[in-house]
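Novice: My request is simple: use the sequences and hints to build the entire structure.
Protein chains in written order, with this note's numbering: chain H, 1 to 341; chain Z, 1 to 341; chain L, 1 to 341; chain R, 1 to 341.
If you're looking for bench data, these hints aren't it; they were derived computationally from the structure. One thing to keep in mind: the hints can contain errors.
One copy or any two copies: either way a pair holds, since identical chains are not told apart in the list.
[Said to hold, decoys possible] Here are the computed lysine-lysine pairs in the BS3-like style, where the Cα-Cα straight-line distance is at most 30 Å: (1) Lys-161 to Lys-2; (2) Lys-81 to Lys-161; (3) Lys-207 to Lys-81; (4) Lys-2 to Lys-81; (5) Lys-81 to Lys-308; (6) Lys-308 to Lys-32; (7) Lys-32 to Lys-207; (8) Lys-161 to Lys-32; (9) Lys-2 to Lys-207; (10) Lys-161 to Lys-308; (11) Lys-81 to Lys-32; (12) Lys-308 to Lys-207; (13) Lys-32 to Lys-2; (14) Lys-2 to Lys-308; (15) Lys-161 to Lys-207.
Everything numeric in this text was worked out from a predicted model, so none of it was measured.
Number of protein chains: 4
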Amino acid sequence: MKAVRLHAYHQQPVVEEVPEPTISGPLDVIVKIGGAGVCRTDLHILEGQWAEAMAPDLPYILGHENAGWVHEIGSAVTNVKVGDTVILHPTPTCGLCRACRGGQDMHCTTSTFPGLGVDGGMAELLLTSARACVLLDPATRPQDVAALADAGITAYHAVRKALPLLYPGTTCVLIGAGGLGHIGIQCLAALTATNIVVVDRNAEALKLAEQLGAHHTVVADGGQVAAVQELTDGQGADVVLDFVAEQGAEQDGFAMTRSGGSYYVIGYGGQLSVPTLDIISTERNIVGNIVGTYNELAELMVLAQTGKVTLHTSTFPLDAAVDALAELDAGNVRGRAILVP
Amino acid sequence: MKAVRLHAYHQQPVVEEVPEPTISGPLDVIVKIGGAGVCRTDLHILEGQWAEAMAPDLPYILGHENAGWVHEIGSAVTNVKVGDTVILHPTPTCGLCRACRGGQDMHCTTSTFPGLGVDGGMAELLLTSARACVLLDPATRPQDVAALADAGITAYHAVRKALPLLYPGTTCVLIGAGGLGHIGIQCLAALTATNIVVVDRNAEALKLAEQLGAHHTVVADGGQVAAVQELTDGQGADVVLDFVAEQGAEQDGFAMTRSGGSYYVIGYGGQLSVPTLDIISTERNIVGNIVGTYNELAELMVLAQTGKVTLHTSTFPLDAAVDALAELDAGNVRGRAILVP
Amino acid sequence: MKAVRLHAYHQQPVVEEVPEPTISGPLDVIVKIGGAGVCRTDLHILEGQWAEAMAPDLPYILGHENAGWVHEIGSAVTNVKVGDTVILHPTPTCGLCRACRGGQDMHCTTSTFPGLGVDGGMAELLLTSARACVLLDPATRPQDVAALADAGITAYHAVRKALPLLYPGTTCVLIGAGGLGHIGIQCLAALTATNIVVVDRNAEALKLAEQLGAHHTVVADGGQVAAVQELTDGQGADVVLDFVAEQGAEQDGFAMTRSGGSYYVIGYGGQLSVPTLDIISTERNIVGNIVGTYNELAELMVLAQTGKVTLHTSTFPLDAAVDALAELDAGNVRGRAILVP
Amino acid sequence: MKAVRLHAYHQQPVVEEVPEPTISGPLDVIVKIGGAGVCRTDLHILEGQWAEAMAPDLPYILGHENAGWVHEIGSAVTNVKVGDTVILHPTPTCGLCRACRGGQDMHCTTSTFPGLGVDGGMAELLLTSARACVLLDPATRPQDVAALADAGITAYHAVRKALPLLYPGTTCVLIGAGGLGHIGIQCLAALTATNIVVVDRNAEALKLAEQLGAHHTVVADGGQVAAVQELTDGQGADVVLDFVAEQGAEQDGFAMTRSGGSYYVIGYGGQLSVPTLDIISTERNIVGNIVGTYNELAELMVLAQTGKVTLHTSTFPLDAAVDALAELDAGNVRGRAILVP
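Specialist: Next comes the structure, spelled out in structure tokens:
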């Protein structure tokens, strides 16, 4: 089959013929890919940023945001059958550790991350596990939802964790209205009556944010912390969801958070540095967020299938994977780039 | 009456005669002090560390950890009567703002902090509010419990917030077995079956920690992070309660926290600096803590009155306030120093 | 001033001149009534149903759903000033008991209930407390929101308690789309993405329910339990909110609740009778609900002032109070009847 | 192998030779039984009480409370290996449904219940699933802990759910200090500082309750509701855990619950009948409880292995199963009867 493989860091991946994956375990599932998202993390992988953390054997197939149709199943698979339309949780989990038994898929002690170190979904077929498969309405086109498999679940997970804090009368600041953030805005609008303030450098992104449910937008031109203070009577926001968390956004985000409030870190790349006196004197929280649970992905698909969360996508054929990455890097992709094999 | 007043920073406070406080508001309460705790924060006040944050008019009476007997009440006070034994919540609150109406006394928008900027309890009488009074069993000696009014409530508040994370099989690291920490250990022992690991530089403090319920102790001699990793199969602790949060303890505390775990900041003075990648890749939380709620102080008094939390105290007469501060500064006080007028 | 007073059970109340209330306590507030809701509970009071539970001295002024403008304040009132537009929490609370200190206004040990046993708001002026006053935008007409003071807060409180159970993919059944229920539907639509199923005997009420956000409606004609089972693949609903809870609705409501689900009782009058085996074998919960907290009323006013919760009202002059009660009894009132002095 | 099989209702089970179970699925596990609890539910099974609900094919092997050593494993089992000491969660679950993915094992849509309808553990070998196995310290004797597999997990589950309600100063009433209840008392003592009040008809059970941590005991001689009111200043208990829930205990339990409190149903057999007015006017909750989660069983084993929960047991050889049942029925068993093959 055709696949997009990383052979070496600081080089383009190669679209080439590789052997098809085969079923070996009883819970294995092979999925025919209908859409594979192209993500900024893929650029970071090429740059070698994940080389140390994941230490993968090269070459491997990229693609960690996948949806498609079930192609073949292992002997013990009962939750999906051949032909089913599915979206894939990004981390097939063991199902047996304490975290898995408590529904905390993110903290499975032996999960893998296809597309980050093992073969992913920028290919015709992907080997995954029954535990990663979320069944979709057969009318769903995988390419329309694939980006929810990683960008979507991550945004939804953070919003869902913040829900108890977002009662009517509160303010939620969302920093970064890009691939993840624009999903986050829609989740906030669907699930809360909070006052949504979106902060971004890009005026177009802010225009889209308004259409998706933002009540206020703030251009991040240096005055963004003051602007949030002004919008909140000098108190700051109850919740800040930071989808950037680098280049100073992380300091801004904490500074925008009110006494007793919570700053959710979702993006990464920066360094957060705060006096412990500032943490305790205002009793603020800093909350880490990574991917989400299987059930959260299933919930997000309910929002998607009822039209409450929609994605802007640009599709590329699998052969054009290198172009898609280049366009993404150049900032030319509107919405999410999706490879369609 | 006699009182311990701060006239200028970087000077000793003065024990002197001052006018008695008088009732002016309907919810005012005047308390005859039975015990006033001497706290490291008092040393910090003398050093001018709180000058900017609180910007108080000098002179004022020190003492933010108080218990005694009701001496006089305002016209609308119904919860206590003259002669009642009481311990005082450190921040008399307005009772009308959103935070007060939700029981979050720490976040009252107009509370005061007697002893930090307005007249406190190192005196014969203290003016406070009905809302600060927690009724005690008349058999209780105020001097025996006064230190729970601030050190106690702060430790209890952090432990209580962490309780849902501390199910059997978890590990809780507690950094700093001093004035607050040794109460925290007792609260953990009374309210959980978690595995309690106490970290301190001082071998004697660790000996006391064991008597109070610590299952393991670790000398903070440079190898403390590694020691915690070893005690937790390389995973780190589910919860870290950091009563120090300065001089590197804050970096240690975060490093000791496991994936999905929470690091509670209670002490202060240091600077926490972490890459946002470390926050998200492990989905850790950093949780601020300040004082506690009125109800939490009442709950802590239940633990105290049933013998589940006890305090080691050394009493000094009010006239010896300067000596008490000097002894505390010199590290010569065993347990908590209490002024008894 | 003019007021609507109950002199004897099983008789009409009397519109008559009575002395104006006066300020006696420091937290007292006198409100000039702008709107007082007429409620089915008022009919029950006339019938003597509350005579035993409340044991009030007669005569007293009816009216437990009130909004207006601050007319006079006690010496210690700081949260409102004369002229402010306010809606009134139905139960002025003490502010000092454990429940009040935890924000659980419903469980204050010494609250009163104006209009149920002590003088209420069907009058030109009402004596209440600073703690009952929720400040409104001055542009708000009290008569437009008065019904939120009791019907609204009760519906909102139940919905808010159920929110953590109502993630996307769940089903919430709401029984009774009347005065409270039609507010409940709007709260569900504003705060969740749950599948809303409304059950009522009245086809017109169901039509309104659809306009307000119900996804499915079920006529309560005897087949309602089966209809809910069919809408939920035979599983039952995750949450049932029962605004009727009499005449068999209470048994239906429990029967419509799925394994692990929760049945919220909000209406009253019936007798719930279930084998304990049915409770445990399916691990279902039965959840009581009464009024709500001060903060919940404030949150609901945010929803009202942003247009997310609206009320259908019919106004009557104070002199026409007896007519209004008669119309309500006869089922002729569209929306909520409001007396406007 | 030898096994205790039910051939017909209203007859004694038969100890007889049957074929050994065999591995067929990849997650199958065969356990050599070290101890199988004899439970009142077994008597109810013989009486046909579960015939309708479970509709099992007869004959089948009894025994739903099991511990032992891993004897053989399927091809995909990774969490245990042959020779491991294990206790078995009572309901092997699918691991793939929404409930399983959220850690709610009790609500798995396709779980089985060995010993209630399919072959259980009163035998030399038991066929179960990897998902049911909780690994124990190899020093543990299965016969010493087997009763925790069902009686224990059920008591622990209810206590754990109630923990957030049981802060210092609250009162928890526990009705029924028998097989489950005496574990519940120990869990309360290990995990809370609540005031524990135990109600039972049997004076000896109350004596044991005191040794296990009860602060007050009440003989259920007709005055038990009044006694609880007196112990709680006329308020009732914050939480009532009812391990009986039949023969009137269910009405008592609800009546003993204070305003805003929660009545936990754990036993069964009775009929709870309450006016909906009583539910709403006091905002009380009725909480169903069934078995518990896999993680809860693992947590309980931590309490057992650290000596915080201990069991009184009487062992019988497998051949004496009919005797054990008869002794249990006659009320002659001290602690839990355990069959040891």
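Novice: For Lys-308 and Lys-207, with the copy left unspecified, which applies at a CA distance of at most 30 Å: within, between, both, or neither?
Specialist: Both: 18 Å inside a chain and 23 Å across chains, each within 30 Å.
Novice: Are the CA atoms of Lys-81 and Lys-308 at most 30 Å apart within a copy, between copies, both, or neither?
Specialist: Classified as within; 28 Å inside a copy, 43 Å across copies.
Novice: At most 30 Å between CA atoms: does that hold for Lys-2 and Lys-81 within a copy, between copies, both, or neither?
Specialist: This pair counts as within: shortest intra-copy Cα distance 24 Å, inter-copy 40 Å.
Novice: Should Lys-308 paired with Lys-32 be assigned to within, between, both, or neither, using CA atoms and 30 Å as the limit?
Specialist: The answer is within: 27 Å in one copy meets 30 Å, while 44 Å across copies does not.
Novice: Pop the pair Lys-207 and Lys-81 into one bin, within, between, both or neither, using alpha-carbon distances up to 30 Å.
Specialist: neither (42 Å within a copy, 41 Å between copies)
Novice: Within, between, both or neither: how does the pair Lys-32, Lys-207 come out at a Cα-Cα threshold of 30 Å?
Specialist: neither (36 Å within a copy, 45 Å between copies)
Novice: I want to check one pair: Lys-32 and Lys-2. Are their C-alpha atoms no more than 30 Å apart within a copy, between two copies, both, or neither?
Specialist: within (12 Å within a copy, 50 Å between copies)
Novice: If the cut is 30 Å between Cα atoms, do Lys-2 and Lys-207 qualify within a copy, between copies, both or neither?
Specialist: Neither way: Lys-2 and Lys-207 sit 39 Å apart in one copy and 55 Å across, limit 30 Å.
Novice: My question is about Lys-161 and Lys-207: at a cut-off of 30 Å on alpha-carbon distance, are they close within one copy, between copies, both, or neither?
Specialist: within (26 Å within a copy, 35 Å between copies)
Novice: Have a look at Lys-2 and Lys-308 and pick one of within, between, both or neither, based on CA distance no larger than 30 Å.
Specialist: neither (34 Å within a copy, 52 Å between copies)
Novice: Between Lys-161 and Lys-308, at a C-alpha cutoff of 30 Å, which is it: within one copy, between copies, both, or neither?
Specialist: both (19 Å within a copy, 24 Å between copies)
Novice: Within, between, both or neither: how does the pair Lys-161, Lys-32 come out at a Cα-Cα threshold of 30 Å?
Specialist: neither (32 Å within a copy, 43 Å between copies)
In the structure shown, a violation is registered for the earlier hints numbered 1, 2, 3, 7, 8, 9, 14, in ascending order.
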